[in-house]
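Student: Each chain is listed here by its residues.
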Amino acid sequence: MTTDTIKIAARDVQVYYGDNHAIKDVNVDIEDKTVTAFIGPSGCGKSTFLRCINRMNDTIDVCRVTGDIRIDDVDIYDRAIDPVQLRAKVGMVFQKPNPFPKSIYDNVAYGPRIHGLARKKSDLDDIVERALRRGAIWDEVKDRLDAPGTGLSGGQQQRLCIARAVATEPEVLLMDEPCSALDPIATAQVEELIDELRQNYSVVIVTHSMQQAARVSQKTAFFHLGHLVEFGETDKIFTSPEDPRTESYITGRIG
Amino acid sequence: MKQSSLLVQDARTLKRNRAEARFRAYGIAAIVISLLMLTVLLVTIIGRGTGAFQQTYVTLPVELLENKLDKKGNRDLADIKKVSTFGYAPLMADAFEAKVVQAGIETSLSPKKMAAILSKDAAAQLRSFVVANVDKIGETVEFEFLTNSRVDGYLKGRVSRDSIANDKNITPEQLDLVDQLISDGALEKRFNFAFVTGADASDARPEAAGIGVSMIGSFFMMLVVLALALPIGVAASIYLEEFAPKNWITDIIEVNISNLAAVPSIVFGILGLAVFINYMHLPNSAPLVGGLVLTLMTLPTIIISTRASLKSVPPSIRDAALGVGASKMQSVFHHVLPLAAPGILTGTIIGLAQALGETAPLLLIGMVGFIASNPPETLAEGLMSPNSAMPAQIYEWAKRADPAFYERAWGGIIILLLFLITMNAIAVLLRRRFERRW
Chain C
0 MTTDTIKIAA RDVQVYYGDN HAIKDVNVDI EDKTVTAFIG PSGCGKSTFL
50 RCINRMNDTI DVCRVTGDIR IDDVDIYDRA IDPVQLRAKV GMVFQKPNPF
100 PKSIYDNVAY GPRIHGLARK KSDLDDIVER ALRRGAIWDE VKDRLDAPGT
150 GLSGGQQQRL CIARAVATEP EVLLMDEPCS ALDPIATAQV EELIDELRQN
200 YSVVIVTHSM QQAARVSQKT AFFHLGHLVE FGETDKIFTS PEDPRTESYI
250 TGRIG
Chain B
0 MKQSSLLVQD ARTLKRNRAE ARFRAYGIAA IVISLLMLTV LLVTIIGRGT
50 GAFQQTYVTL PVELLENKLD KKGNRDLADI KKVSTFGYAP LMADAFEAKV
100 VQAGIETSLS PKKMAAILSK DAAAQLRSFV VANVDKIGET VEFEFLTNSR
150 VDGYLKGRVS RDSIANDKNI TPEQLDLVDQ LISDGALEKR FNFAFVTGAD
200 ASDARPEAAG IGVSMIGSFF MMLVVLALAL PIGVAASIYL EEFAPKNWIT
250 DIIEVNISNL AAVPSIVFGI LGLAVFINYM HLPNSAPLVG GLVLTLMTLP
300 TIIISTRASL KSVPPSIRDA ALGVGASKMQ SVFHHVLPLA APGILTGTII
350 GLAQALGETA PLLLIGMVGF IASNPPETLA EGLMSPNSAM PAQIYEWAKR
400 ADPAFYERAW GGIIILLLFL ITMNAIAVLL RRRFERRW
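Keeping their order, the protein sequence lines are chains C and B.
In this text, residue positions in the first sequence follow numbering that gives the first Met the number 0: the first is 0, and each later residue adds one.
In this text, residue positions in the second sequence follow numbering that gives the first Met the number 0: the first is 0, and each later residue adds one.
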C-alpha cells in the first residue's frame, strides 16, 4: 500500500498562538503517494499542524512555529524559503468550498497564470481541462466554463477547489476537512477523488469523520490536546490502537 | 395541567400582541413624520427656488445712433470703446420712447424713467454688443434686455403695488408701463438659462446673477479631491487593513483616523489657511486650495469606508488565493480589491457629496464672498484663479439685502441638491449592481 519514501518529515514541531501552546513536540514522517489522515477531537491541533506544512500560519500574526519541517529534505521554515513558492508546491483545499467569484475557467487558470505555467492560451486550456478532469468535475462543467464558480453546488464547488489546487502541479495536497460542508453523495465523490489523487500526490487530510479516515487513508495520525498520540497504518490504528486515548477516541468515549 | 384551547388567546398572548401592534404603530408614525418633513422641505425649496430659473426680459429694438456711439464716424474701435455705459443710456431712453409710440401706450413717464425699468446690466449688454459688432452702428437691432429685479419681482408676485409705496426704485407709473408692455408682448417672463451658466453679480443687479461660475469652482475642487483623496485613501486603507502588523502603533493610527472623521470641518479650513496659504503661499480663494482642504476632510471618510469594505471580503477568498501560491499583493489586487471596489466607490461618492456641500472650511480660505469671475478658460486657471463654490455662493446670496438674491439662494439650493441626489443615486446603483453574495 505505502511507498516508504518520506515526503514530509516533522521533528519537534511546536506551535504557539500567543501564549497558547497549540502543538507540542510533534514528530511525524509522511510518505509520498500516500493518503495520511489526521484525526482527533476539535481543538487538538490537527488543522494547525496541517497549516504549518504550507506555512499558511504565517498569515496569523500571533502564530509562532519552532522545530523542523522538511519537504524532500528541505527545511521549509528556512529563511531562504519563500512561502509563496512553497504554497505552489503544497496545494491546499479548505474546509468550506471557497471558489473565487469568477468563472469556472478563471478559478482553475488563476494559479497557472500567476506562476507562468502556460505560454499560450491553448496551453492554459489544456492545463485547465487536465485539472478539471483530475478534480472529477470536467464532465459536469465542460459546457459552461464561463459560468461563475460560485453558482455550482457545494460538492461541485469543492471539487472545483480541488481542481484549482492541482492545477499548479503541486507535490503535496493538504485537505482541511474537505467534506464537512458536503452531503453524503458529494462526500463519496470527493473521497473517490482523493483515492485517485494518491497516484500523483502525497495527500494529507484532516477529518472529523473516523469512517472517512478509515475509508480514504493508508496512514492515520491521532492528535489529542496538541500531542501526536499515535501514528501508524490506518488498519492498525482502527483495529488495535496501542494508546488508550486513541482507543477511547475511536470507540467514541472521548472527543 | 389545565387544558387550554388554541382558539382562545390567553392574557399573555394578548398582551404580547398588543405590545407588537403598538411598536408597529410607533414605527409607522416615525416614518410618516420623517416623510412629512421631507415633503415640507422639498415643497419649500421648490416653491421658493423655481423663481430663480425664470427671469423677466423686454424685447426692444434699439437704434444704434452713430452720432452717440461713433462721433468721428470712422468705426475706430479704440474710440468706440471710449464711450462708457453712461453714453448708452440715451439710446435706451430713445428706444423706449419709440416703443411707446409704436405700441400706442399712454404714459406720463419721461423716456429716462421708462428706461429705468431695465436692469443696470442692460447698458453693459448693449455696449459689449456694439464693441463686438462695430459694423452694426447706425442700424436698428432688436435686443432682449433683463428688467430690473423690482419689475421681475412684480411679474413673479414678490412685488405688489402696495409693497412699493416706500420704494424709490420703482413707481406705480412704471408698473403701469410694465402692464402695458406685457399686453403688447414685449415684456415677458421666460426660462433663465443665465442663472445656470452665469457668474455672480453686484448688489445692484440681482437679476444678472448666476451660479454657473461657482459650479465650475465646485467642479474643480471635486477634481482635486477625487485625484488626491481616492488614491491616498485607498492605498492607506489597503496597507492598514492587509499589510500592516496589528500592534499599538496601528491601533493609535486607527483611533486617530476615526477621530479625524469627527473633526469639525472649520478646523480643516483654518489648517488649510495656515498651511496652504500662509506657509505654502498658494493663492487665496483658489479651488486648488479648497480642494486640498476638502481632501483632508474627505480622507478619513474614504479610509473608513474602504477599510469596512475590505473587511467585508471573506477571509476564505484570501486563503484561496494564498493557497494556490499567490503573493499577499496578488491576493489583494486580484481578488480582494475587485470585490471591495463597489463599497470603496460608494464611500468615495458619499465623501465627495459631503465635500460638495461643505461651506465652513471655505470661509477661511477666502472662497466665500463676492467673487464674480469669468468662467476659467484653462485647467490651471480653473484651479488657481479666484472662484467660489456652490454652497458658498448660496450663503453669499442669502445674506444680501435684496429679496431677489434670496430667491436665487433657493434656486442655488435646487441645483446643489440635484447634484447631491445624482451622486447618491449613482452610489446606490453601484451598490445594487455589484452587490455580491458569497
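Hints in this document: simulated from the structure, not taken from any laboratory.
Among the hints, a few may not be true.
Unchecked claim - Here are a few chain B residues that face chain C, going by a calculated C-beta distance under 7 Å:
1. D161
2. A243
3. K245
4. S311
5. S315
6. A319
7. G324
8. A325
9. M328
10. Q329
What the hints assert, rightly or not - Output of the computed footprint for chain B on chain C, the stretches with three or more beta carbons under 8 Å from beta carbons of chain B:
11. 93-106
12. 163-169
Heads up, the beta-carbon is just placed ideally off N, CA and C, and yes, glycines get one too.
Student: Determine which of the earlier numbered hints do not hold for this structure and return their numbers in increasing order.
Tutor: 1, 2, 4, 9
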